[in-house]
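Enquirer: First to last, the sequence lines map onto chains A and B.
Residue numbers for the first sequence follow the numbering used here, beginning at 1 and rising by one.
Residue numbers for the second sequence follow the numbering used here, beginning at 1 and rising by one.
I should point out that these hints are in silico values taken from the structure, not numbers from a laboratory.
Only a predicted model underlies this, so the values are computations on that prediction, with no experimental measurement involved.
For each residue, glycine too, the CB sits at the ideal point set by N, CA and C.
Incorrect hints may have been included.
What the hints assert, rightly or not - No more than 30 Å apart at the CA atoms, straight line, and that leaves these computed lysine-lysine pairs for DSBU-like:
1) B:Lys101 / A:Lys47
2) B:Lys49 / A:Lys218
3) B:Lys54 / B:Lys101
4) B:Lys148 / B:Lys101
5) B:Lys49 / B:Lys148
6) B:Lys51 / A:Lys220
7) B:Lys47 / B:Lys220
8) A:Lys240 / B:Lys51
9) A:Lys275 / B:Lys239
10) B:Lys49 / B:Lys101
11) A:Lys275 / A:Lys220
12) B:Lys54 / B:Lys239
13) A:Lys218 / B:Lys148
14) B:Lys239 / A:Lys239
15) B:Lys49 / B:Lys239
16) B:Lys49 / B:Lys218
17) B:Lys51 / A:Lys260
18) A:Lys220 / B:Lys101
19) B:Lys148 / B:Lys239
Claimed, not checked - Cβ pair distances, simulated, as ranges:
20) B:His111 / A:Gln301: 49 to 55 Å
21) B:Val219 / A:Leu259: 36 to 42 Å
22) A:Glu305 / B:His111: 49 to 55 Å
Each chain is listed here by its residues.
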Amino acid sequence: MEEVPHDCPGADSAQAGRGTSCQGCPNQRLCASGAGAAPDPAIEEIKEKMKTVKHKILVLSGKGGVGKSTFSAHLAHGLAEDENTQVALLDIDICGPSIPKIMGLEGEQVHQSASGWSPVYVEDNLGVMSVGFLLSSPDDAVIWRGPKKNGMIKQFLRDVDWGDVDYLLVDTPPGTSDEHLSVVQYLAAAHIDGAVIVTTPQEISLQDVRKEISFCRKVKLPIIGVVENMSGFVCPRCKKESQIFPPTSGGAEAMCQNLKIPLLGRVPLDPHIGKSCDRGQSFFVEAPDSPATLAYRSIIQRIQEFCGPHQTEENLISS
Amino acid sequence: MEEVPHDCPGADSAQAGRGTSCQGCPNQRLCASGAGAAPDPAIEEIKEKMKTVKHKILVLSGKGGVGKSTFSAHLAHGLAEDENTQVALLDIDICGPSIPKIMGLEGEQVHQSASGWSPVYVEDNLGVMSVGFLLSSPDDAVIWRGPKKNGMIKQFLRDVDWGDVDYLLVDTPPGTSDEHLSVVQYLAAAHIDGAVIVTTPQEISLQDVRKEISFCRKVKLPIIGVVENMSGFVCPRCKVRAVTEASLSSLKPQIHQPR
C-alpha cells in the first residue's frame, strides 16, 4: 500500500484522489479533499500580466497540417502592417514549434531581463515567443509529457514581458489535450476574445474540427470563425482550378452552416505559401497579388472587426 | 505545506519527488524514493500479450497532416491482400482518431469478451482498434490530459484480443509526447521492429521529422525508413507536375539508408 500509483491522474486533475488508481495512495485524502483543486496562483499573476494586452486570439484546429502556424504567422504579419498596432505571436506547440522558421527567426535566442523574458522581435511592433528559441539546435526534440509542457505554457504567459500589446495571437498544436486545456485555464481570468479554427476542405479534417468546436463550447471559448485552407488549387501553368482535398461532405461551408459558426473565408492552395514559410518570408510580401493573399487579407479584416467592439474591462472603465 | 503541488510532474515521472514543485508535497519522500519508478506491471502483461504478434511497426511523424493515418491504413490494406497474413491496425491518436473513417468503419463499436476487447474487422485478416470506436458520436471531443491518454494506450495494448497477428501497425498522432513515450514504454519488453516516418517535402515538415528521428534514437527505436508523401502533384487538367521536388537528401546524414 506504500506504492505510488502508476496511473496517478495528476494532483490537480478532476479525478485527483477519486480515480481507481488513487486507492491506497498516501496522497489520496489530500487530493480528494480538493486541496489540489484550489486555483493556481499563476492564474491571477497571468491576469495581471495580460492587463497590457488588449485582444487575445487562439488559433486552433483539431487536425494537424491544415495551416494553423502558417495562418497565425500571416495573421501576425497582416495586423503588424499598421505600425501603430503592437502584435505578439506566442507559439505553444512545444513538440513541433514551427513559428520561428515561418517568421524567419531560426537561431534566435530569448533574453532574460528584470522584467522577464524578452520576445524576439521581427519588427518593432511584432514580437514572437516559442520553445524553438530555447533549443540549442532546431533538430533537438522536446520529448515532454503533459505536465512539463503545461509548465512551459504557464511560463510563457506569466514570465514573458510582452509590454503593451494590441493583439496576442496564440498558435497551438493539433488536438484537444494538455496544451489547449492549459492555455484556456491559465487565461481563464484574463478573457480570451475568441478562437479562429483552421481546417482543410475534406471530411477527415472537418471531423477533427468538429471536435475542436465541441472543445471550445465545453470551455466556453467564443469562436470567431472558421478558415478553410488549401481550398482549391490553381495550376500555375494552365491556371485551371482543381480540388486537391475535395470537400466530399460540403467542406467548411456546410459544417459552419450546420453548427451556426461564421466561415471567415477560404484560402486557396498556393505552392508559394509553403516556399515562403520554408524561407521565413511573409507570403504577403512575396506574392502580394495572389488570390491567397487577398483571401488572407479579407479574413484578417473580419477578425479585426470581431475584436473591434470587444474591449477589456480596463478600457471600458477608463473610456 | 498541506497543499498538493499544482505542477505535480506525475508519480511515475523521472522528476517524481525531485521537481521544484514537489517541495512540501506530503508524497515527496515516497516519490523520491523511486517507488513510482518501479516498472509498471502492465509492461510484463503486454509482453505476454504480444507473444502472438510477430512484427510491430510504429508509423510516426513529427508533423501533423503529412499522411500518417492514410499511410498506416494503406500499409494495412497492402499487407492484408495476402489472405494468409494477419494484420492488426492500432490507432493511438486519442484526440483525432482518423483510422475508423479511413478504414470505412465509422459507427462500429467495440465488443468485450472473456478474452478482452475485440478489434473491429474490416476483413477476416485485418482488425482495427481506435478510441473512435468508443465514442457515442464521431463529433465527440476527447479532451484528455496526458495521464488519461496513457491509460487508454495501455488498455489498447494489454486488453485487446488481437489473436495471432503477423503485423501490428500502430498509427500515432504528431509530436514527441505522452502517446509516443507511452507506446514505446509499454512495448519495451515486447520488441518493436521499427518505425516508419512519414513526411512531406517541405522544410517545415522535415524540421519536425528530424526531431522525431532524434526521439527514435533517444528511445533506441530502430528506423525502418522515411516515406515522402505528397511528393509532387500532377495537375489533372494540363498533366504538368506543379510542386517542387523532394528535399529528402537533407535527411540522409541523419539516418541509415535502408538496404
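Enquirer: Please go over all the hints and tell whether each is borne out by the structure.
Expert: Status of the hints after comparison with the structure:
no., hint, result
1, B:Lys101 / A:Lys47, "41 Å, violated"
2, B:Lys49 / A:Lys218, "38 Å, violated"
3, B:Lys54 / B:Lys101, "27 Å, holds"
4, B:Lys148 / B:Lys101, "23 Å, holds"
5, B:Lys49 / B:Lys148, "22 Å, holds"
6, B:Lys51 / A:Lys220, "47 Å, violated"
7, B:Lys47 / B:Lys220, "18 Å, holds"
8, A:Lys240 / B:Lys51, "54 Å, violated"
9, A:Lys275 / B:Lys239, "22 Å, holds"
10, B:Lys49 / B:Lys101, "27 Å, holds"
11, A:Lys275 / A:Lys220, "37 Å, violated"
12, B:Lys54 / B:Lys239, "43 Å, violated"
13, A:Lys218 / B:Lys148, "18 Å, holds"
14, B:Lys239 / A:Lys239, "12 Å, holds"
15, B:Lys49 / B:Lys239, "50 Å, violated"
16, B:Lys49 / B:Lys218, "26 Å, holds"
17, B:Lys51 / A:Lys260, "51 Å, violated"
18, A:Lys220 / B:Lys101, "28 Å, holds"
19, B:Lys148 / B:Lys239, "48 Å, violated"
20, B:His111 / A:Gln301: 49 to 55 Å, "52 Å, holds"
21, B:Val219 / A:Leu259: 36 to 42 Å, "40 Å, holds"
22, A:Glu305 / B:His111: 49 to 55 Å, "51 Å, holds"
Checked against the numbered hints above, the structure violates hints 1, 2, 6, 8, 11, 12, 15, 17 and 19; every other hint is satisfied.
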